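Could you slot chain B onto chain A? The hints should help.
Taken in sequence, the protein lines are chains A and B. With the working numbering applied, the first sequence covers 76 to 432. With the working numbering applied, the second sequence covers 76 to 432.
Be aware that a few hints might be false.
Any copy, or any two copies together, can satisfy a pair, since identical chains are not distinguished.
Derived DSS-like pairs (lysine-lysine); straight-line CA-CA distance at most 25 Å [unchecked claim]:
#1 K321 - K200
#2 K148 - K300
#3 K96 - K331
#4 K218 - K300
#5 K331 - K430
#6 K417 - K385
#7 K430 - K385
#8 K351 - K96
#9 K385 - K200
#10 K252 - K331
#11 K321 - K385
#12 K218 - K148
#13 K351 - K385
#14 K218 - K252
#15 K417 - K148
Source of the hints: derived by calculation from the structure; they are not laboratory data. Here the structure is a predicted model, which is why all the values come from computation and not from measurement.
Protein chains: 2
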Amino acid sequence: MYVAILAGGSGTRLWPLSRSKRPKQLLSLVTDRTLIQDTVQRIEPLVSPDRVLVVTEESHADEIMRQLPAIPKPNFVIEPTRRGTAPALGLASLVIASRDPETVMASLHSDAVITNPDELIRALKLAEQVAAGSDNLVTLGVKPTYPSTGMGYIEMGEPLPGLADGAVHRAVRFVEKPGPEVAQRYFESGVFYWNSGIFVWRVSVILELFRQLMPEVHRLLMGIKPYIGTPEEARVVAELYPRMQKETIDYGIMEKAPRVAIVPTELNWSDVGSWKELMEVCPPNQGTNLVRGTHLGLDTERTLVFATQKPVVTIGLRDMIIVDTGDALLVSTRERAQDVKKVVEQMEEDEELRKLL
Amino acid sequence: MYVAILAGGSGTRLWPLSRSKRPKQLLSLVTDRTLIQDTVQRIEPLVSPDRVLVVTEESHADEIMRQLPAIPKPNFVIEPTRRGTAPALGLASLVIASRDPETVMASLHSDAVITNPDELIRALKLAEQVAAGSDNLVTLGVKPTYPSTGMGYIEMGEPLPGLADGAVHRAVRFVEKPGPEVAQRYFESGVFYWNSGIFVWRVSVILELFRQLMPEVHRLLMGIKPYIGTPEEARVVAELYPRMQKETIDYGIMEKAPRVAIVPTELNWSDVGSWKELMEVCPPNQGTNLVRGTHLGLDTERTLVFATQKPVVTIGLRDMIIVDTGDALLVSTRERAQDVKKVVEQMEEDEELRKLL
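Chain A extracted, bound-state conformation (with noise of 0.2 Å):
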C-alpha cells in the first residue's frame, strides 16, 4: 500500500499559533512533533516511508522535506496552485500508479489528531483489504461522540458481504453539516458516521472514476502522464495543473461514484478545526486543564493553557483558552473559540494586526 498525505492545507483557526505561513501541520499541538510528524508516525506499521507521497504547496515544502527527512525528496508532490483536494489526489494517484498502476493508496489528511492510533492501523488494514478486492472506495467512518453541526456524515447502509460480519458497510450517501436538530437524529440513529476524510482505493479505480466523473481533470492527468518522474514534471504541472477545475473529492468524486464502502472505527480523531476541538480531542494534562507551558493554576479548571515561552498564572478560570506565542496573546472562552475566525478578519482590516496573522 502506498500513502498520499494532504499538507496543503493553510488557516489561521488556530489563531495566535497558526499562521498563513505556519499552518497547524506544521504546528506541535499534542506531542513534540508536528501534526504532520504524528501523521506520518502513525502509519510507520503500514508502509514504508519510500511509499509515503505527501503533497503539498511550494510555500510550505521546505519546512515540510525538513520536518520529514525519512521521506525520500521526489515522493513530495508539489501543487502549483491549489486547486482543492480532487485534484490533488488525481495527481498523486497519477504519480503512484507510475509506480504501481494496480497498487493500493489511502489518502490522510496531514493535520488531523488520532489518539488511538491502533484503531487506526487496524480500519486501513482492512480498507485495504477491500480496496484491493474489490472496485470499491473505501473510507473510514468515525463513530460519533455527540451530535456535532460541524462534521460532515456518511450513512452506513448493508454489510459487504464476505467479511467479518459489520466489519465494513455500503455507504449510502455522504453529507454535508447538519443542523442541531438533524444531528441529534444522526447521532441517535447509530448508522451515520462522521466523514473523517481518510480515503483508500486502487489506484486505477479511482484514476477510471476521474474520468468517468471529472473527465477534464482527468484529460490534464493524461497530459502529465508522461512526465511523470522526467526532468519535464514541474514545468508540465506547472502548466497543466492551475487549468484543473478547483473541487473536493468528497463532492467532485466520493459522492457520485457507484461503489462506497465504510468501515466503522472508534477513531478517537479530530481535525482541530478550533481550540475547543483541540481540548476535546485531547485528555486534560493538569487537573482538567489541558496545558502546554508552565501553568500555575489557582481554582482553574477545563481551561486550555498554551504557552511555551513563559509562565501563565491563572486565578479562578473555567472552561477557558489561553494562547501565548511571544508576539500575540488569545485570552477566549472555550465556547467562543471558533470566533477567532471573526478576530483573523477583522484583524486583515488592519495595518499593524496584519503582521501577526
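Then chain B, alone, in the frame of chain A:
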C-alpha cells in the same frame, strides 16, 4: 510647607507587573508617568521640589532618584532597614526640622492613585492652615464610595471652630478594617471616612508627640539629630535607625494623639492594593474595558488588559484581568484578583517561578 513622600514600600500585589525589585510606586499604571512621578506632580502647585523629601530604602533609591530628577539629592532620605512608617516619618520630620523647625509638613504615600488632584490641593491647603494654627495632627479622610472591608476608617466628630462650617472636624477615632456588616454601617453613617494615610502636621508637634508616645524612637532620633546634613549622617542613621521599634504612624502616634483633626474629602483615591482596585479608580478607556497596549476585543466587557509588549485578542470575556509582562502572564477573574497574593506565596516555593517575584 514641606512634603515627605513615603516610597519604601515593596510588594507583589500587582504581580506580574510589580516585583520585589520593581514595586508599585515605580510603575506606570494609570498615566505614562510612574505612580511616584504622578505623586510628585500632583503637589507641584503646592510646594517646590526643594521642599519635597523622599523616604526610601537603599535598594530602590537609585531608580527613584532617576525618576525624580527635579528633587535635590540631599532630599532623599534612605532607611537602612524598613522599620515601618513611624520611624520613617520621625526621621523625615527630623530632617525637615533641621531646615525649618516650625514648618508644616505633609506626608504622602508614593504609590496611591488620585484622579482628582484639585481636591487634594484644596484639602492639603486647608490641612496646612489647621496644622499651622493649632497643635492638631491633621488627616485627610476619603468619603467612602462603597462599604469597603479592605480599608481603615476614621470617625469624624464635631466641626473645628473658626473654619468654614464642616470643612474640618475633630477625628474621634481610627478603626481597623471592619467586617462586612460594620463596613455597611460605617458606609451609611456618613461620619466614617477612609483613612488615606495622608497626614499634615507641624514638625515641632509631631516630634513632641514622638517624645511622649514613642520615647525610645524619639531618643534614637535625637541621637541622629546633631549629624543631619553632616558627612556622618549616613553612618549614624545606619547605626541608630535599625534599633527603632517597627511601627506604623497610625498605631504609634495617630491613634493615641490627643488632638487629631480630619479634613473630609471627596478624593477619588486608591492605594491600588490589587488589580481590581486599579479598575475601580481608573475610568475605562476602551468601551467598558481598561486597556494599556493594543487590544482587539470581541464581545469583551469590564476587562483589564495590561500588555504593552504585544497585541492581545479577547473573545467573550466579562470582568477579567489580563496582565502580560513579557516574562509572565496573569489571567484572573476580577473578583479573584486579590488572590495574586496566594499565587505569589506558591511561587516562592518553586525554584523556577521564584525568579519572577
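Each hint tested on the structure:
1. K321 - K200: neither (31 Å within a copy, 78 Å between copies)
2. K148 - K300: For K148 and K300, only the intra-copy Cα distance (19 Å) is at most 25 Å; the inter-copy one is 85 Å.
3. K96 - K331: Classified as neither: same-chain Cα gap 34 Å, cross-chain 69 Å, threshold 25 Å.
4. K218 - K300: Cα proximity of K218 and K300: none, with 38 Å in one copy and 85 Å across.
5. K331 - K430: Classified as neither: same-chain Cα gap 42 Å, cross-chain 63 Å, threshold 25 Å.
6. K417 - K385: between (27 Å within a copy, 20 Å between copies)
7. K430 - K385: both (22 Å within a copy, 12 Å between copies)
8. K351 - K96: within (22 Å within a copy, 39 Å between copies)
9. K385 - K200: neither (43 Å within a copy, 49 Å between copies)
10. K252 - K331: within (18 Å within a copy, 76 Å between copies)
11. K321 - K385: Intra 43 Å, inter 38 Å, cutoff 25 Å: neither.
12. K218 - K148: Neither, since 36 Å and 76 Å both go past 25 Å.
13. K351 - K385: both (22 Å within a copy, 24 Å between copies)
14. K218 - K252: within (15 Å within a copy, 60 Å between copies)
15. K417 - K148: neither (38 Å within a copy, 55 Å between copies)
Consistency note: the structure conflicts with the earlier hints numbered 1, 3, 4, 5, 9, 11, 12, 15.
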